[in-house]
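In order, the protein sequence lines correspond to chains A and B. Just so you know, we're using this note's numbering here: the first sequence kicks off at 66 and counts up by one. Just so you know, we're using this note's numbering here: the second sequence kicks off at 106 and counts up by one.
By construction, these hints were calculated from the structure, which means they are not laboratory data. Don't take each hint at face value.
Said to hold, decoys possible - In the BS3-like style, the derived pairs of lysine-lysine whose C-alpha atoms are separated by at most 30 Å in a straight line are:
1) K108/B x K175/B
2) K136/A x K122/A
3) K108/B x K122/A
4) K178/B x K121/B
5) K135/A x K122/A
6) K178/B x K122/A
Fair warning: this is a prediction, and the values are worked out from it, not measured in the lab.
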Amino acid sequence: NAGVTQTPKFRVLKTGQSMTLLCAQDMNHEYMYWYRQDPGMGLRLIHYSVGEGTTAKGEVPDGYNVSRLKKQNFLLGLESAAPSQTSVYFCASSYSRGDVQETQYFGPGTRLLVL
Amino acid sequence: AQKITQTQPGMFVQEKEAVTLDCTYDTSDPSYGLFWYKQPSSGEMIFLIYQGSYDQQNATEGRYSLNFQKARKSANLVISASQLGDSAMYFCAMREASGNTPLVFGKGTRLSVIA
Chain A
66 NAGVTQTPKF RVLKTGQSMT LLCAQDMNHE YMYWYRQDPG MGLRLIHYSV GEGTTAKGEV
126 PDGYNVSRLK KQNFLLGLES AAPSQTSVYF CASSYSRGDV QETQYFGPGT RLLVL
Chain B
106 AQKITQTQPG MFVQEKEAVT LDCTYDTSDP SYGLFWYKQP SSGEMIFLIY QGSYDQQNAT
166 EGRYSLNFQK ARKSANLVIS ASQLGDSAMY FCAMREASGN TPLVFGKGTR LSVIA
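Using the sequences and the accompanying hints, generate a full structural model.
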């Protein structure tokens with residue numbers, strides 16, 4: 066049981082390049098999330114998904130796209146990377162029983178540097 | 106409006122002493138959950154403790170306890186008998202019951218434990 070995994074762990078991009086971050090979970094969770102973490106800003110929600118084939122915008126969605134083609138995977142795409150997207154990206158997942166106490170389980174993070 | 110406020114960017118505590126990390130929140134939803142996560146220098150997000158809005162007693166998990174004051178909308182984390190390994194970033198987060206929303210995080214408090 067690997068929990069939540071993220072690929073890659075670290076990446077350097079040039080401005081304007083594109084890339085996809087992959088998140089995978091083996092806990093059969095319905096909900097998945099992408100956050101970014103910047104110094105002094107905490108974790109901010111980019112996009113999330115409440116089930117296979119559905120996505121929703123979070124607090125800071127601009128410049129990112131997501132897809133949830135399979136229940137266990139949640140992809141975060143950067144079509145044209147900008148230096149402002151330099152950050153640490155965290156994926157998380159949780160069950161969906163409508164309970165407030167559902168804990169979100171986090172992946173190890175992906176460090177992205179955009180030059 | 107900021108939903109989670111952590112007013113202490115950094116805290117120092119002597120080893121074996123207790124420390125309180127502050128968290129205030131803002132919601133009009135009567136049903137909500139409050140969470141604390143620890144992020145050590147290695148980067149992973151570790152769930153520590155949960156408090157539900159209807160819970161009558163303050164949550165405790167080992168050396169961690171949550172001082173929940175509903176009327177003041179505060180959910181402070183108390184760490185007893187601090188250890189060097191407690192040095193980390195600590196994040197307070199909240200989930201509101203309506204719409205099974207994702208966790209919203211505060212900006213975090215960096216705790217440093219001094220020998």
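Take the C-alpha atoms of K178/B and K121/B, compute the straight-line distance between them, and say whether it is at most 30 Å. holds (28 Å)
Given the hinted pair K108/B and K122/A, is their alpha-carbon gap at most 30 Å? Answer holds: K108/B to K122/A is near 18 Å, not above 30 Å.
Hint check: K178/B vs K122/A, CA-CA at most 30 Å. Holds or violated? Distance ~27 Å between K178/B and K122/A Cα, so the pair holds.
For K108/B and K175/B, compute the direct alpha-carbon distance and say whether it is at most 30 Å. Holds, at about 15 Å.
If you draw a straight line from the CA of K136/A to the CA of K122/A, is it 30 Å or shorter? With Cα atoms ~18 Å apart, K136/A and K122/A stay inside 30 Å; holds.
Assess, step by step, whether the Cα of K135/A is no farther than 30 Å from the Cα of K122/A, and give holds or violated. Distance of about 18 Å is within 30 Å: holds.
Going through the hint list in order, the structure satisfies each hint without exception.
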